[in-house]
Amino acid sequence: MDNVLNISIEKMLSLGYELEGLLLSAGKRGDATPVAIWNLISEKADEIHAAAVNLSNIVKKGATCAVTDITDVLSSSAMVVSQDEDSVDVSAGYVPDPYDADCDIICSNPLTVETVDSADEIVSDDYCSVEVSEDDTLSQTDVDSDVSEEAEYSPEEEVATADEPLRLDEKLAREGSRNLRKAFSLNDRFRFRRELFGNSDIEMSDTLNLVEAMSSYSEAVDYFMTDLQWDADNQEVKDFMEIIEKHFATR
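Convert by adding 4 to the 1-based position in the sequence shown; the result is the number in this note's numbering.
Think of the hints as simulated: they come from the structure by calculation, not from any bench. Computed from a predicted structure; not experimentally measured. Any given hint might turn out to be false.
As the list claims (entries may be wrong) - As a list, the in silico DMTMM-like pairs of lysine to aspartate or glutamate whose alpha-carbon atoms are at most 20 Å apart:
1) LYS250 / GLU240
2) LYS186 / GLU246
3) LYS186 / GLU47
4) LYS186 / GLU207
5) LYS48 / ASP210
Stated by the list, open to error - The following label-pair restraints were derived from C-beta to C-beta distances:
6) ASP235 / ASN10: 41 to 47 Å
7) ALA40 / ARG198: 25 to 31 Å
8) ARG198 / ASP50: 31 to 37 Å
9) GLY66 / ILE206: 35 to 41 Å
10) ALA56 / LEU232: 34 to 40 Å
11) ALA56 / ASP226: 33 to 39 Å
12) GLU207 / LYS64: 41 to 47 Å
13) ALA56 / SER219: 26 to 32 Å
14) GLU51 / THR230: 30 to 36 Å
Heads up, the beta-carbon is just placed ideally off N, CA and C, and yes, glycines get one too.
Just need the whole structure built from these sequences, with the hints factored in.
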């Protein structure tokens with residue numbers, strides 16, 4: 005659960021950073037802010053809300069699992085009192101303990117307890133019963149569902165783990181390309197900010213926000229090469245545009 009919780013928190017932080025960049029861009033441009041930027045701000049806000057709801061559900065699910073564990077412990081320690089013709093009939097109500105200080109009745113005959121052979125059946129020394137309401141217990145269906153999920157295992161899963169890192173790396177790479185900010189390594193950020201954006205983090209952030217609002221890679225090429233008049237033969241420009249191209253390819 006901790007791993008899933010951390011991933012959800014990191015996702016919310018990432019969305020928060022993106023929303024912050026969009027808001028800074030809108031604040032800087034004022035009335036000249038493109039409609040696409042406002043649409044992105046609205047989308048990021050909705051994604052943050054959805055991530056917050058998901059995070060809350062994860063926390064609630066963790067609390068439910070904790071209650072399930074406690075219920076399993078209580079059920080495994082249940083004690084059974086054997087009843088037959090020679091034992092005391094306790095169906096009518098409470099049977100007083102002759103050694104209980106709070107009991108006003110003195111029992112002249114001690115209770116006869118039948119020895120239980122099975123190790124799974126334990127004779128209770130306590131005559132006080134505890135009533136548990138149906139609202140305080142988990143349904144058998146929920147318990148069986150949790151147990152079956154943990155018990156399911158197949159040898160094929162263990163064999164498949166050998167190929168899983170490759171698929172995971174590919175998935176992470178595609179996810180990084182889809183999220184434009186994650187597509188840039190730390191070194192790339194410093195290099196492009198210094199060489200292409202006049203060492204201005206705000207200018208780079210505004211540009212990435214505009215790229216995310218664009219509909220195609222050709223639109224991005226036209227913006228950088230025509231509007232900004234970047235040199236297509238510059239190595240930094242080539243590397244930067246390669247990342248932008250992968251971003252649109254994975255959309």
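Hints and how they fare:
Between LYS250 and GLU240 the alpha-carbon distance is near 16 Å, which keeps this suggested pair within the 20 Å criterion. Between LYS186 and GLU246, the direct Cα distance comes to roughly 14 Å. Compliance with the 20 Å bound is thereby established for this hinted pair. Using a Cα cut-off of 20 Å, the hinted pair LYS186 and GLU47 holds, with the two alpha carbons roughly 18 Å apart. Between LYS186 and GLU207 the alpha-carbon distance is near 17 Å, which keeps this suggested pair within the 20 Å criterion.
At most 20 Å may separate the alpha-carbon atoms for a hinted pair to count; LYS48 and ASP210 meet this at roughly 15 Å. Taking the beta carbon of each, ASP235 and ASN10 are about 42 Å apart, inside 41 to 47 Å as hinted. Look at ALA40 against ARG198: about 27 Å separates their beta carbons, and that is inside 25 to 31 Å. A C-beta distance of roughly 35 Å is found between ARG198 and ASP50, which places it inside the suggested range of 31 to 37 Å.
Our hint of 35 to 41 Å for GLY66 and ILE206 holds, since their Cβ atoms are close to 40 Å apart. For the hinted restraint 34 to 40 Å between ALA56 and LEU232, the CB-CB distance of approximately 37 Å keeps it satisfied. Under the hint 33 to 39 Å, the C-beta atoms of ALA56 and ASP226, about 38 Å apart, fit the expected range. Between GLU207 and LYS64 the beta carbons are some 43 Å apart, a value that agrees with the proposed interval 41 to 47 Å.
Here the CB-CB span from ALA56 to SER219 is close to 29 Å, well matched to the stated 26 to 32 Å. Between GLU51 and THR230 the CB atoms are about 32 Å apart, so this pair conforms to the stated range of 30 to 36 Å.
When held up to the earlier numbered hints, the structure conflicts with none and fits them all.
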